[in-house]
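Student: Chain by chain, the residues run as shown.
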Amino acid sequence: MSASQNLIDSALFISQGAEAASIFLLPVIFSPDNDIDSIGQKVYKAQLTSNSSPILLKHRFQKQYRHPTLDASLTRSRIAGEARTLLRCLRAGVNVPGIRMVDATNGVLGIQWIEGESVRKLLPGEAEGEDNEEVDLLQEYGISIDEIMNLVGTEIAKMHKADVIHGDLTTSNMMIRPIKSSQAELILIDFGLAFQSTLTEDKAVDLYVLERAFLSTHPDSEPMFASVLAAYEQRMGNDWAAIKSRLDDVRLRGRKRSMVG
Amino acid sequence: MPGKLRKSSPLKNSDRPYLALGLEGSANKLGAGIIKHAGDGSSSVLSNVRHTYITPPGEGFQPKDTATHHREWAMKVIEDCLDQADVSMHDLDCICFTKGPGMGAPLQSVALVARTLSLLFDKPLVGVNHCVGHIEMGREITGAQNPVVLYVSGGNTQVIAYSRQCYRIFGETLDIAVGNCLDRFARVIGLPNDPSPGYNIEQEAKKGKRLLPLPYATKGMDISLSGILSCVEAYTYDKAFRPNPILADLEVENVITPADLCFSLQETVFAMLVEITERAMAHIGSKEVLIVGGVGCNERLQEMMDVMAQERGGQVFATDERFCIDNGIMIAQAGLLSYRMGFRTPLVKTTCTQRFRTDQVHIAWRA
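Chains as they are written, first to last, in the UniProt record's numbering: chain A, 1 to 261; chain B, 1 to 367.
Keep in mind the hints are simulated off the structure, nothing from the lab. Please note that the accuracy of each hint is not assured.
Claimed, not checked - Calculated pairs, DMTMM-like style, for lysine to aspartate or glutamate (alpha carbon to alpha carbon, straight line, at most 25 Å):
#: 1; chain 1: A; residue 1: K180; chain 2: A; residue 2: E222
#: 2; chain 1: B; residue 1: K219; chain 2: A; residue 2: D163
#: 3; chain 1: B; residue 1: K219; chain 2: A; residue 2: D248
#: 4; chain 1: B; residue 1: K219; chain 2: A; residue 2: D71
#: 5; chain 1: A; residue 1: K244; chain 2: A; residue 2: E147
#: 6; chain 1: B; residue 1: K219; chain 2: A; residue 2: D239
#: 7; chain 1: B; residue 1: K287; chain 2: B; residue 2: E233
#: 8; chain 1: B; residue 1: K219; chain 2: A; residue 2: E222
#: 9; chain 1: B; residue 1: K206; chain 2: A; residue 2: D71
#: 10; chain 1: B; residue 1: K209; chain 2: A; residue 2: D71
#: 11; chain 1: B; residue 1: K219; chain 2: A; residue 2: D9
#: 12; chain 1: B; residue 1: K287; chain 2: B; residue 2: E79
#: 13; chain 1: B; residue 1: K36; chain 2: B; residue 2: D65
#: 14; chain 1: B; residue 1: K207; chain 2: B; residue 2: E321
#: 15; chain 1: B; residue 1: K207; chain 2: B; residue 2: E303
#: 16; chain 1: B; residue 1: K219; chain 2: A; residue 2: E201
#: 17; chain 1: A; residue 1: K121; chain 2: B; residue 2: E288
#: 18; chain 1: B; residue 1: K219; chain 2: A; residue 2: E147
#: 19; chain 1: B; residue 1: K287; chain 2: A; residue 2: E117
Said to hold, decoys possible - So, partial list: chain A residues that the calculated Cβ filter (under 10 Å) puts toward chain B:
#: 20; residue: K63
#: 21; residue: Y65
#: 22; residue: L74
#: 23; residue: R76
#: 24; residue: T105
#: 25; residue: S172
#: 26; residue: Q196
#: 27; residue: T198
#: 28; residue: L199
#: 29; residue: T200
#: 30; residue: D202
#: 31; residue: A213
#: 32; residue: L215
#: 33; residue: P219
Yeah, the Cβ is synthetic: ideal placement off N, Cα and C, and Gly gets one too.
Please put together the full structure from these sequences, using the hints given.
Tutor: Here's what the structure looks like:
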């Protein structure tokens, strides 16, 4: 049995997303359905040593539906890719979790534990009729929806400037971390599908994926996404024009395709 | 969104039984079916007749020839459909036809038949979105309540979830549809189109053993398939490729057979489909998956989806070829639902469209 497996066994299980599974040794902070990992892994909270700060373990367990060879190569390349892009983001000053351990063969990645709440939970349209609670959360984090959108746009722009493409931008994949006596910060998470690219095409598709996630998860969120783009534009500067026109192309693409047959 | 308290359905139980005729001809299948909605809310399929335009191996179906086929067979198929259901045209409440999406010429030839019948027998017309037809029939047959829908056919590849009276598209193909990808590869290796190229790929894949590396192209919840088709086609020019492998070939290590290519293509493409479906399930927190569309009858896809759903503690709903492959009954089902909500298509609006997105339809009959 590998060291990673021992670590997983000692940790506390949080949730199963679409692809990898996470370990909890400490008190459960998130209830199981609170933290949905959208790329399919089991997520755990664990500690490397008894007095170190907690880390998040992502275990891409073997997908039984996939051919074992295909599954093994995908797992290996995605774990390595995730670590690599996280590192690149960290170097470029993008807010992402720090890396704590990598075990690509066994599909385990350990990253810094982020205390906070996903953007998805903070935006309206998510909670089931519990509008009051949302307001409370926003107040508790001392942040307005507008400010969140601003942070989202800025953080994505920083990432794209470092030529990192997230590949799965959704509101579930962004966390808001409160900071005492200062504005909360936004952390991008879940780089399982991320890759490096300088192409305008890839950046535009990245934004398009987010736009679709916004519209399908948060009803009537067009103005919100508009302010994300506004903040993105500001940060991107001269690169924005090309991305903007490509984004318009990409939007048409899905539409064009869908209706043959 | 799922998880919300279920509101009561806007569709009221009817005071009398309703009957609808559905006519489908958006691609190479011409279908006619009659559905009955009884007063107690149950529905039954009275007949479901289909005739497929089959082209020789290596050839696809051209719009013009397909339209000719539909025109030639329309009377026969509709007569059979009425005979089997044992109803007369006068008993019908409405005539439903596919408004789109699909190939223009075949769509038009069937719409023309629908218009003619409507005028002859003085029956109202209901234009139906083909994709919504698939989803509604799948829900009706399997009893799935609020599933994530994977719609995979020769012309469409979409991951869909219902929200606020609309079937929203979460993910889709960015280029060609999965059925198109499989069919075109069947043409490359000369598999027959009878009963369908996809079926023959599936049978061939069962004999395959080697998994050859192919691109794996998921982009968020979208996928891209055209590059995979080019890549798998490129293997047929490989020196190790044997179009008609003999026994001695199979003992050599590095030989590539058509069966291996079918196997690799299916494994890779279906893994991508299952992955984006799983991602949609995780994203919206649903445990049910419904597979509809022609590729949905592929048993390997159903099997992979089933394994994924079980890993998540969920369930897969799928139907057999009668309802998966394009048919008239699904058009009747979706059309009758909207008819009962008061929807009619006036004669001047009974045009067809090749581009008609799933999310453009107002799903008035669901809460």
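Student: How about K63(A): closest beta carbon in chain B under 10 Å, or not?
Tutor: Check passed: Cβ of K63(A) comes within 7 Å of chain B, closer than 10 Å.
Student: Do the numbers back the hint for L199(A), that is, is its least Cβ distance to chain B under 10 Å?
Tutor: 13 Å, violated
Student: Is the shortest C-beta separation between S172(A) and chain B less than 10 Å?
Tutor: 7 Å, holds
Student: Holds or violated: is there a CB of chain B closer than 10 Å to the CB of P219(A)?
Tutor: Constraint on P219(A) satisfied, holds at 6 Å.
Student: Interface hint check: Y65(A), Cβ to nearest Cβ on chain B, cutoff 10 Å. Holds or violated?
Tutor: 4 Å, holds
Student: Hold the hint about T198(A) up to the distance rule: shortest CB distance to chain B must be less than 10 Å.
Tutor: 17 Å, violated
Student: For the restraint on D202(A), tell me whether the closest CB of chain B is nearer than 10 Å.
Tutor: 9 Å, holds
Student: Taking only the CA atoms, is the gap from K207(B) to E303(B) under or equal to 25 Å?
Tutor: 17 Å, holds
Student: Does K36(B) pair with D65(B) here, judged by a C-alpha cut-off of 25 Å?
Tutor: 33 Å, violated
Student: Regarding the pair K207(B) and E321(B), is the alpha-carbon distance no greater than 25 Å?
Tutor: 22 Å, holds
Student: Does the nearest C-beta of chain B fall within a distance shorter than 10 Å of the C-beta of L74(A)?
Tutor: 6 Å, holds
Student: Would you check the hint for K219(B) and D71(A), treating anything up to 25 Å between C-alpha atoms as holding?
Tutor: Roughly 17 Å between the alpha carbons, so the hint for K219(B) and D71(A) holds.
Hint compliance for this structure: hints 1, 7, 11, 12, 13, 18, 23, 24, 26, 27, 28 and 29 are not met, and every other hint is.
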